[in-house]
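Residue numbers (this note's numbering), protein chains in the order written: chain F, 168 to 576; chain B, 66 to 272.
Certain hints may be false.
Residues of chain B clear of chain F, computed beta-carbon distances all greater than 10 Å [said to hold, decoys possible]:
#1 Gly106
#2 Thr132
#3 Arg136
#4 Trp138
#5 Leu151
These stretches of chain B come out as covered by chain F in the derived footprint (C-beta under 8 Å, 3 or more residues) [stated by the list, open to error]:
#6 195–202
#7 216–230
#8 248–261
Hints in this document: simulated from the structure, not taken from any laboratory.
Every residue gets a Cβ at the ideal spot worked out from N, C-alpha and C, and that includes glycine.
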Amino acid sequence: MDEQHTPPPTGDDTPGTQPQLTEADARALEAFFDADQDLARVPRALRERAERAAALFGLLEAGPVDGRESRVSRVLASADATAQPALSRDDAEALDAWMLAGLDAERVPASLRERARAHNAIASLVASPAPEAVSQFTRAHLIERTMNRIAEATDSGQVLEAGVTIPPRNRLADFLSVAAVLLIAASVLWPVMSTVRESSRQAACAGNMRSVANAMGLYTADNDQMLPMVTAGFGKSPWWNVGRDPSSSNSANLYALAKQPYARLADLACPGNPRAITVPRSPEARDWGALDEISYSYRVMAHPERSLWGQPSELVVVADRSPVVLRAVRGQVIFPLESSPNHQGQGQHGLTADGSARWLTTPALPSGDNIWLPKPIEMFIDLAARRQGIEPIRGTEAPAGRQDSFVGP
Amino acid sequence: MDPRTDEKLVEAYRRGETDVFRILVERYHDDLHRFLTRLAGDRQVAEDAFQEAFLQIHLSLGSFDTTRRFRPWLFTIAANKARDLLRKKGRRQTLELSAPIGSAGGSGSNDGGSFIDLLEIEIPPPDAGLLSEEEDAMVQRALDQLSEPLREILLLAYFQRLSYAQVADELGIPLGTVKSRLHAAVASFAKRWREVSTERARPATQE
Numbered sequence: 168m169d170e171q172h173t174p175p176p177t178g179d180d181t182p183g184t185q186p187q188l189t190e191a192d193a194r195a196l197e198a199f200f201d202a203d204q205d206l207a208r209v210p211r212a213l214r215e216r217a218e219r220a221a222a223l224f225g226l227l228e229a230g231p232v233d234g235r236e237s238r239v240s241r242v243l244a245s246a247d248a249t250a251q252p253a254l255s256r257d258d259a260e261a262l263d264a265w266m267l268a269g270l271d272a273e274r275v276p277a278s279l280r281e282r283a284r285a286h287n288a289i290a291s292l293v294a295s296p297a298p299e300a301v302s303q304f305t306r307a308h309l310i311e312r313t314m315n316r317i318a319e320a321t322d323s324g325q326v327l328e329a330g331v332t333i334p335p336r337n338r339l340a341d342f343l344s345v346a347a348v349l350l351i352a353a354s355v356l357w358p359v360m361s362t363v364r365e366s367s368r369q370a371a372c373a374g375n376m377r378s379v380a381n382a383m384g385l386y387t388a389d390n391d392q393m394l395p396m397v398t399a400g401f402g403k404s405p406w407w408n409v410g411r412d413p414s415s416s417n418s419a420n421l422y423a424l425a426k427q428p429y430a431r432l433a434d435l436a437c438p439g440n441p442r443a444i445t446v447p448r449s450p451e452a453r454d455w456g457a458l459d460e461i462s463y464s465y466r467v468m469a470h471p472e473r474s475l476w477g478q479p480s481e482l483v484v485v486a487d488r489s490p491v492v493l494r495a496v497r498g499q500v501i502f503p504l505e506s507s508p509n510h511q512g513q514g515q516h517g518l519t520a521d522g523s524a525r526w527l528t529t530p531a532l533p534s535g536d537n538i539w540l541p542k543p544i545e546m547f548i549d550l551a552a553r554r555q556g557i558e559p560i561r562g563t564e565a566p567a568g569r570q571d572s573f574v575g576p
Numbered sequence: 066m067d068p069r070t071d072e073k074l075v076e077a078y079r080r081g082e083t084d085v086f087r088i089l090v091e092r093y094h095d096d097l098h099r100f101l102t103r104l105a106g107d108r109q110v111a112e113d114a115f116q117e118a119f120l121q122i123h124l125s126l127g128s129f130d131t132t133r134r135f136r137p138w139l140f141t142i143a144a145n146k147a148r149d150l151l152r153k154k155g156r157r158q159t160l161e162l163s164a165p166i167g168s169a170g171g172s173g174s175n176d177g178g179s180f181i182d183l184l185e186i187e188i189p190p191p192d193a194g195l196l197s198e199e200e201d202a203m204v205q206r207a208l209d210q211l212s213e214p215l216r217e218i219l220l221l222a223y224f225q226r227l228s229y230a231q232v233a234d235e236l237g238i239p240l241g242t243v244k245s246r247l248h249a250a251v252a253s254f255a256k257r258w259r260e261v262s263t264e265r266a267r268p269a270t271q272e
């Protein structure tokens, strides 16, 4: 390591950026090329230097290069922009000793140990872990992609070398491991998203309630304080024959608000009901087409009722649709304390006769009155004791009086 | 953690225990990903090379001699894949010719072909803990300025943790070449490191 380097060229036609070889190195390389890149044929005096230079520039493995121009350009391209720096003699020895000691500076002879520690420090600097640990997600992602690539290669019939037998991969296991990652993400996000969605539904539904209250006020003012009623009582017929017979459907009474029109049909559609309709099926329609389309249950109008609306009262006149009716219609066991399906069973809006809408977390009012059931049935069943299910109602029941909240269907 | 050595896992895989391949991928993820990022200086190339390397390993396991060590084999294959990908991207050996070099043009106090004395260069001690983001970027900048063969030999030596003879064996190049290349690589890196550290020390003096 005793060669003198000529300074880089200045001010000629290759300003500054052109690498420069020492004269001795240039001579040695020239000899190497002249010998058709066969080190054995390089003059002995130049051989060591030629070998080092050729090795440095990756020429030994690269194979012969044709033409002097490309030789020179390759050499120049391989060299750093300035002439190659070299380790001091001591550092070079320490590097060899450190490599020999399995990269353990403490096993290097004492005379070289300090410099070996410097090598160790450089290695730690270069090979240290990333300052920010690779996130678990990124890590899992790359591992999954890698495993998928391998699975694809296996499936596409890329044959393994020399007698390796790989049974068919377990597609289900692969699928499950990806699914697990997605599920974890979904399980974190889902409650948040569904809470956001549900609260926006509740807000829209509360807006509907205000529109209905408005419409009720207008209707009763126009109709001699009578609550909306277009049917002539139900007699012995059920009042949940929605879409089949408007004279035997209590929802036709609520539909009257949209028919006249005091409200839009959209005001009677809760966003929590995926089957709700917002425009009439036809101009002649007098009721919803089916029970599923109904979003709100209305006070069961067994007979005309005057002067209920606009009075100070806790009586619930309109509410989110009744789960009790939905079950009873299907002949299922009912659960009187179940909340409306409109809001995932979390509660329901109730529009009371005083014109105010409120959120009820249970269908049982503070008075004990259950809005899904008429008083006589409530009296027969001990709600607290028999939450596990009771005989369904038959759809022929009516409110037991002006104080009895009972809505449907 | 599977207690089996890499080589035992390879044997198990060849007997048909396919699940163990994932163990190898997981075991080497952090180190190999880091190695490839350092080598390529490009995260996308590093990730592609990572996948290609394991694909190649998967296809070549049949011919792997289990009396040899798995780690150097993996890193050698990965380095080859990274080199191929970089070449495809046309990034081969363009960096060092355009890199700003403090002493280029003869204006610096030391000539280009200087001797490096490691004891005069400030290097964070190995027990200093994790690098800061800035130091990390400085290391990468210094590495990016090395020519490709030098960067490769430096990283392979540090990450594979092999002797000269083993490196020579793995790369299939003469022992003398490994030695001289590594010497040159360490010297180059130390020089670039000194330059990027000095740049950081006086960042506002460039006019």
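The region 216–230 of chain B covered by chain F? Criterion: 3 or more residues, Cβ-Cβ distance below 8 Å. Our answer is that it holds, as 8 residues pass the Cβ test (under 8 Å) against chain F, meeting three.
Per the coverage rule (Cβ-Cβ under 8 Å, at least three residues), is the region 248–261 of chain B covered by chain F? That given contact holds, which follows from 9 residues of the region 248–261 of chain B lying within Cβ reach (below 8 Å) of chain F.
Since Leu151/B was said not to touch the interface, does its Cβ keep a gap of more than 10 Å from each Cβ of chain F? holds (14 Å)
Just checking, Trp138/B versus chain F, shortest CB gap more than 10 Å? holds (14 Å)
Confirm or reject the statement that Arg136/B sits farther than 10 Å, beta carbon to beta carbon, from all of chain F. holds (13 Å)
Regarding the assertion that Gly106/B does not contact chain F, is the least Cβ-Cβ distance greater than 10 Å? holds (13 Å)
Just to make sure I understand the rule, a stretch counts as covered if three or more of its residues have a C-beta closer than 8 Å to a C-beta of the chain. Does the region 195–202 of chain B meet that for chain F? holds (count 6)
10 Å Cβ clearance of Thr132/B from chain F: Per Cβ check, Thr132/B is outside 10 Å of chain F; nearest 15 Å; holds.
The structure shown violates none of the earlier numbered hints.
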